[in-house]
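For reference, the chains in residue letters:
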Amino acid sequence: MTPSVVAMSVIFGIVLLGSLVGFGAGAGRKMNLEEWSVAGRSFGVVFMWLLMAGEIYTTFAFLGASGWAYSRGGPALYIMAYITLGYVVSFYILPLIWEMGRAHGLQTQSDFFEKRYASKYLALLVSVVGVLFVIPYLQIQLTGLGIIVQVASFDHIPRATSMLIAAALVASFVYFGGIRAVAWVSVVKDALMILAAVSIGVYVPMHYFGGVGPLFRAIEQTHPSHLTMPGATRNMGHAWFISTVLLSSCGFYMWPHTFGAAFTAKSGHVLRRNAIVTPLYTISLAFIFIAGFAALLLVPGLSNGDMSLLMLARKTFPAWFLGVIGGAGALTAMVPAAIILLTASTLFAKNVYRPLFAPAMTDDNVAMLAKVMVLVLSLTSFYLALHSSTTLVALLLLGYAGVTQFFPGVLLGLFWSRVTAAGVVTGLITGLGMVAALVLTHRDPFHGVNAGFVALCINFTVTLFVSKSTRAQPNGLAIPTEG
Amino acid sequence: MQRPSAPAVALGLIPFAGMCFSVPLWDRVHPMVFGLPFNLFWLILWIVLTSGCMALANRIEERRRSAAPSKQKGSGPTA
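Chains A and B supply the protein sequences, listed in that same order.
Residue numbering for the first sequence follows our numbering, starting at 1 and increasing by one per position.
Residue numbering for the second sequence follows our numbering, starting at 1 and increasing by one per position.
So that you can see chain A by itself, here it is in the shape it has in the complex (with noise of 0.2 Å):
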């Protein structure tokens, strides 16, 4: 066998036990939309965290960062700070969040707007917006696995292909399982994930260097000023670092999914412990940089640095090994892609359809719709997959700076009575018009600091100002206080 044929083969063994794994989790159990899209609310902490690390590391936080170590250097490291500190946030306000939820049967973000905010319009914005920038996060994730399958095929399957296949297989598995069977998957995920990135992160630098240190004092006399800011870059210094880290921790929860995950927890205190133990998870993220750093000596001049990872896994180890590196990586590409489908499609039917167009739809039709939706926004994020040379991490920090716009609603409407609807709206649509123009103009980052964050700040300033100009409205999440 050659060892395309090898490494194609685990890469495909593994994705299959995933999905068998995904599929068995599902079975026997009655799917309304309540259990498909929040699970019947029944998550504890193991659970939660096995879906927030599922939707945390994607193929973003594997291929993405050891590319941004490789082709950037110093300003990759931004992707562990704001990790961490987006679970340090997410202390603060998911569990707040998921009260509201449970005393309301909020089931998605834009639930959680127009509730808060008594206001249909904004709800509609917010869903709009939400389903529009998940789709370079799923991009990213079909991307990466297009990556993948080209360098463990040994460049004999073509991109497109592979591509197509994975769209197709996660969208039946969204189709069939729910989100059930995505935390299940991601307990396969996250074994392999570990184990590929420790391998790599630890055997590497033994094999060829005798050690991290040698590796990083190779690095410094070869690449002197690679491994602190701003590295490879000419504008991302600390200012950047600030900002951005700045902007992603506070937008590491205003996704559509990451936010929607908070209703799929058994009480606010599971949250809570979750906020606790999950950082300590981004440690293993060191051994993607190292791998990153490594690959800038041993595989250097690749034109794309996301391929540095794999590129370097198939120099080094046997065909089979390279394929169960290849596996973890395309599941955990699968898995948020999985979750992203899921929570962007029941957005969609729920909170922009049927408001819209058919007020007097039932729960089932909806559920039926958002299946539907699962299908058309797989042959999207393909499309412009397909289409598209961004790197990974440019393609979430465009997400972040989009998504990012939802915090000042979010905040101000857990923790200040005086906000108003008018504000938000006004505030929303003034920093996302920030972000478009500074974004299409290339002027990001803006004078060194991330476009988003100046961006937020203004969003911030405009809707504290506005909620100050326009008339008190009641908060309509407000839960009787207790004791």
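None of these hints come from the bench; they were simulated from the model.
Accuracy of the hints is not assured; some may be wrong.
Claimed, not checked - Below 25 Å or equal to it, Euclidean Cα-Cα: the simulated SDA-like pairs (lysine to any residue) are:
#1 A:371 to A:232
#2 A:371 to A:391
#3 A:266 to B:55
#4 A:468 to A:446
#5 A:266 to B:8
#6 A:266 to B:29
#7 A:266 to B:63
What the hints assert, rightly or not - Now the in silico label distances, taken between C-beta atoms and shown as ranges:
#8 B:48 to A:202: 33 to 43 Å
#9 A:213 to B:22: 22 to 32 Å
#10 A:104 to B:63: 20 to 30 Å
#11 A:280 to B:31: 23 to 33 Å
The C-beta atom is built at its ideal place from N, Cα and C for all residues, glycine as well.
Starting from the known structure of chain A, arrange chain B on it as the hints suggest.
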């Protein structure tokens, strides 16, 4: 619904100081620790410290909750 208390919020600001605002102080290669550049080592250290800060904030919140009588209590130790 209870807002987080002031001490719990203060504990949450510590990791931001350590990992984000202080970046000019720790973004350098030397001294290397365990063979890692200092900035990478510093972030790993702060991941652990962050987890500690959150555990402490959680204890404060839980104590406050059990002080309020009608509030649900945490369901024993979990992983």
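Against the structure, the hints:
Using a Cα cut-off of 25 Å, the hinted pair residue 371 of chain A and residue 232 of chain A is violated, with the two alpha carbons roughly 44 Å apart. The straight-line distance between the Cα atoms of residue 371 of chain A and residue 391 of chain A is roughly 30 Å, outside the 25 Å bound, and the hint therefore fails. This hinted pair checks out: residue 266 of chain A and residue 55 of chain B have alpha carbons roughly 19 Å apart, not beyond 25 Å. Using a Cα cut-off of 25 Å, the hinted pair residue 468 of chain A and residue 446 of chain A is violated, with the two alpha carbons roughly 29 Å apart.
Distance check on the hinted pair: residue 266 of chain A and residue 8 of chain B sit about 23 Å apart at the alpha-carbon level, within 25 Å; holds. Restraint check for residue 266 of chain A and residue 29 of chain B: not satisfied, since their Cα atoms lie roughly 44 Å apart, outside the 25 Å limit. Taking the CA atoms of residue 266 of chain A and residue 63 of chain B, the gap is near 20 Å; set against the 25 Å cutoff, the hint holds. In this structure the supplied range 33 to 43 Å is violated for residue 48 of chain B paired with residue 202 of chain A, their Cβ-Cβ distance being about 19 Å.
Separation of residue 213 of chain A from residue 22 of chain B is about 25 Å and conforms to the stated range, judged on CB atoms against 22 to 32 Å. At about 28 Å, the CB distance of residue 104 of chain A to residue 63 of chain B agrees with the hint of 20 to 30 Å. The supplied range of 23 to 33 Å is met by residue 280 of chain A and residue 31 of chain B, whose beta-carbon atoms lie about 25 Å from each other.
Hints 1, 2, 4, 6, 8, counting from the list given before, are not met by this structure.
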